[in-house]
Amino acid sequence: RIMRPDDANIAGNVHGGTILKMIEEAGAIISTRHCNSQAGEPCVAALARVERTDFLSPMCIGEVANVSAEITYTSRHSVEVQVNVMSENILTGAKKVTNKATLWYVPLSLKNVNKVLEVPPIQYARKEQEDEGKKRYEEQKLDRLETKQRNGDVILPVINPAEPHTVSYSQSSLIHLVGPSDCTLLGFVHGGVTMKLMDEVAGIVAARHCKTNIVTASVDAINFHEKIKKGCVITVSGRMTFTSNKSMEIEVFVDADPFVDEPRERYRAVSAFFTYVSLSKEGKPLPVPQLLTETEDEKRRFEEGKGRYLQTKAKRQAQMQQAAQQ
Amino acid sequence: RIMRPDDANIAGNVHGGTILKMIEEAGAIISTRHCNSQAGEPCVAALARVERTDFLSPMCIGEVANVSAEITYTSRHSVEVQVNVMSENILTGAKKVTNKATLWYVPLSLKNVNKVLEVPPIQYARKEQEDEGKKRYEEQKLDRLETKQRNGDVILPVINPAEPHTVSYSQSSLIHLVGPSDCTLLGFVHGGVTMKLMDEVAGIVAARHCKTNIVTASVDAINFHEKIKKGCVITVSGRMTFTSNKSMEIEVFVDADPFVDEPRERYRAVSAFFTYVSLSKEGKPLPVPQLLTETEDEKRRFEEGKGRYLQTKAKRQAQMQQAAQQ
Amino acid sequence: RIMRPDDANIAGNVHGGTILKMIEEAGAIISTRHCNSQAGEPCVAALARVERTDFLSPMCIGEVANVSAEITYTSRHSVEVQVNVMSENILTGAKKVTNKATLWYVPLSLKNVNKVLEVPPIQYARKEQEDEGKKRYEEQKLDRLETKQRNGDVILPVINPAEPHTVSYSQSSLIHLVGPSDCTLLGFVHGGVTMKLMDEVAGIVAARHCKTNIVTASVDAINFHEKIKKGCVITVSGRMTFTSNKSMEIEVFVDADPFVDEPRERYRAVSAFFTYVSLSKEGKPLPVPQLLTETEDEKRRFEEGKGRYLQTKAKRQAQMQQAAQQ
Chain S
1 RIMRPDDANI AGNVHGGTIL KMIEEAGAII STRHCNSQAG EPCVAALARV ERTDFLSPMC
61 IGEVANVSAE ITYTSRHSVE VQVNVMSENI LTGAKKVTNK ATLWYVPLSL KNVNKVLEVP
121 PIQYARKEQE DEGKKRYEEQ KLDRLETKQR NGDVILPVIN PAEPHTVSYS QSSLIHLVGP
181 SDCTLLGFVH GGVTMKLMDE VAGIVAARHC KTNIVTASVD AINFHEKIKK GCVITVSGRM
241 TFTSNKSMEI EVFVDADPFV DEPRERYRAV SAFFTYVSLS KEGKPLPVPQ LLTETEDEKR
301 RFEEGKGRYL QTKAKRQAQM QQAAQQ
Chain X
1 RIMRPDDANI AGNVHGGTIL KMIEEAGAII STRHCNSQAG EPCVAALARV ERTDFLSPMC
61 IGEVANVSAE ITYTSRHSVE VQVNVMSENI LTGAKKVTNK ATLWYVPLSL KNVNKVLEVP
121 PIQYARKEQE DEGKKRYEEQ KLDRLETKQR NGDVILPVIN PAEPHTVSYS QSSLIHLVGP
181 SDCTLLGFVH GGVTMKLMDE VAGIVAARHC KTNIVTASVD AINFHEKIKK GCVITVSGRM
241 TFTSNKSMEI EVFVDADPFV DEPRERYRAV SAFFTYVSLS KEGKPLPVPQ LLTETEDEKR
301 RFEEGKGRYL QTKAKRQAQM QQAAQQ
Chain R
1 RIMRPDDANI AGNVHGGTIL KMIEEAGAII STRHCNSQAG EPCVAALARV ERTDFLSPMC
61 IGEVANVSAE ITYTSRHSVE VQVNVMSENI LTGAKKVTNK ATLWYVPLSL KNVNKVLEVP
121 PIQYARKEQE DEGKKRYEEQ KLDRLETKQR NGDVILPVIN PAEPHTVSYS QSSLIHLVGP
181 SDCTLLGFVH GGVTMKLMDE VAGIVAARHC KTNIVTASVD AINFHEKIKK GCVITVSGRM
241 TFTSNKSMEI EVFVDADPFV DEPRERYRAV SAFFTYVSLS KEGKPLPVPQ LLTETEDEKR
301 RFEEGKGRYL QTKAKRQAQM QQAAQQ
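Protein sequences, first through last, are from chains S, X and R. Heads up: the first sequence begins at 1 in my numbering, then just goes up one per residue. Heads up: the second sequence begins at 1 in my numbering, then just goes up one per residue. Heads up: the third sequence begins at 1 in my numbering, then just goes up one per residue.
Among the hints, a few may not be true.
Intra- or inter-copy, both count: the list cannot distinguish identical chains.
As the list claims (entries may be wrong) - BS3-like, lysine-lysine: derived pairs with alpha carbons at most 27 Å apart: (1) K284 to K299; (2) K229 to K284; (3) K134 to K111; (4) K111 to K230; (5) K100 to K134; (6) K211 to K229.
If you are wondering where the hints come from, they were derived from the structure by calculation, not from laboratory data.
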């Protein structure tokens, strides 16, 4: 579809959140279709996890987004979907790859929301494809387990006016009441809707920190720990964890508060790390002011962020060397 | 994309206007791409006309709409696009053709909005295809000219409370301020946005008349006489012109009021006839209360509507006989 | 226009904010049109104030909202507009008055945003109409001045988990990045967009306090102290100030943070009091848990809220007696 002013920031760059939402919709369609392809209980595929994804080049207002999706692995109870996004300038015909994302879905019964159904197996062209898929499956399973354990953290609001470039200065949160049009047929929030709100908060944190035009550069793996029901109030909070010379890492939490229907406590539903870069008016990357850490926790999170940054950098260099040798 | 509660009426049927909007977006993308396929001045394709289209089967919330478009004829200054819409139930896998529409676009220069550019010719597989296209082109050209002349009419608001089933009783209008996200790169309203509003007004007229769940059955040729600019206030008015036993015909006008920028009078931008049917809770067609005509004009318009109705009916029967003989 | 699932809460009642947004759109159109009715500099009418308005009866999904607007007074630099909203059930034909609102607009030059233009005078049918209008004009002018002075308050975030029914427990805030589609031609946020967000926050505060289905009962005068520009981040915060047996009063602030373009501090742009009631599943008013005040400020605000409540109650009773005598 054509990208509209609504989808973009004031500099004309499409929000990463809009792209994430399109990716998730494509993933939900193909995996729901696949899970219903055999006779059996009807089901809807629910997003369980999005693997790390890079925003390779910014998309602009007036360009057309082409989204394609393919099922690349099935385990007994989950589906792996690969989604590719291309941006096309229909005036010049130029096409660019914008995103490659990998998503994991789980089929939930339409009759009983808490029942996970079996996934019809797919055929692999080669045995290695199945083996590689299985490896990815085991890895993400492990990673999901780990994130779940790590997750007790809460972003506390700041009372005193904070110094520029501190963590407190830019941290932000929003509340959103989950309405009918945010939800699937089962009455749970679309993963894509949640990701769009997460990107919105992360973008505000980044803009507050560096006061320039900012764009999403990448999103680390996002795990959907728990479903969010229609009628919940969700709080989406973001805080900066790390800055390199030209990038910022922001941690985002989604907490759900099922205050109307059920006598249940607020719970952590989703969490992820977003990386942003700052752009000049000509679209060139700008230096990012260094994050000032104050508390022990902030310093620890900065070091952890640095670890993730160096790891990603090393991985990317290895890939480039590999590509150069081929 | 997946149809959401927002796209549908309270009975779960997707608004004809939502489908028209998707059709127009697909048409605008493919024709803008084609008109920029040769080196030359960059341009944007503007919708000039939509041929009569039937809504063959209702689409429902939760279904996926698949839209495909193809260029079928080019004249020197215009492009004919054929768009097909299929609805797919991803739970059952069932697919149905929902719409086949033909649209005409004209390329406008990005530098000078009033300049119509030349269209790169397409290759036809067979000579007959070109001849048939040319015939369609001539026909629509003639029809556009005629409609433009007919167009002086204004729908006056009703002052006294009207009797049920009269024209005055159900006539309706809405105003809309044209914002940035309604517009193309050139700052003109997307044809699809206009059609969606027209369908909304026609639907209110139909629901007021028969007080049941109603759905769009078909739309007569829609001519876009003049462009509508960002910042205009548009008035979309509808009145019932004719009822058969099981259908209602509603005439819809779009008038634009460029009250801020230009010292120009309100002008008629678009007009069309929509046909609606009334459905029971089980989705079966219901009888429609007969329209009570009061003035001479209303009686004349009723007769004209009857003419269109009988003509369409005759055409359809001829097609069915032809199909049966093949 | 027809009320859709998106416009309503999960019980099917249309958000007060949606109605306020429609009211403001109608007011902006009629006053912009009026201010451009004489030759002179083109201008856009900007919302300056909304008088207290009551939500006389809830509107539901599927109903049609009819909005009509009329200019009732003009001073040299401002326009008073009276807007009426009726809800119509198009299936039964039943109509109800939902709202009567009075709005004040000021014409800003399209060429120079900081220039307030002169308003063409209107003709009054009777001299008294002009006198009464003038009186309303003087009153609101005074009230605007007062509110501006009162306005230093900030809603501080809460750190420790709060007890149910305290002020801290339900207070809430959201951030919103002002995008192109929130804005007028001049690049300032539509008053209606701001009011919709204010109602959203107030609604979440009310729902958190009483954990039931809640609806907007009335909105006190809203003053728009300063314009909010495209690209700002706005923070909308709400806290409960007073509860009677069957109603809750919530104070809402809008603060704007123009962090990208200008080196300017965050400023208070709008503030208002919203009154909510709690409804049972059958739509009957429910008792509201009493607000627990802890600090001196909270106790003071409770007493002030009580004052407003008793005053409104007395006014309404006087009106009813008057009506009964006529």
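How the hints compare with the structure:
1. K284 to K299: Neither, since 29 Å and 48 Å both go past 27 Å.
2. K229 to K284: between (41 Å within a copy, 25 Å between copies)
3. K134 to K111: The answer is neither: 30 Å in one copy and 48 Å across copies each exceed 27 Å.
4. K111 to K230: both (17 Å within a copy, 17 Å between copies)
5. K100 to K134: This pair counts as within: shortest intra-copy Cα distance 19 Å, inter-copy 44 Å.
6. K211 to K229: between (35 Å within a copy, 15 Å between copies)
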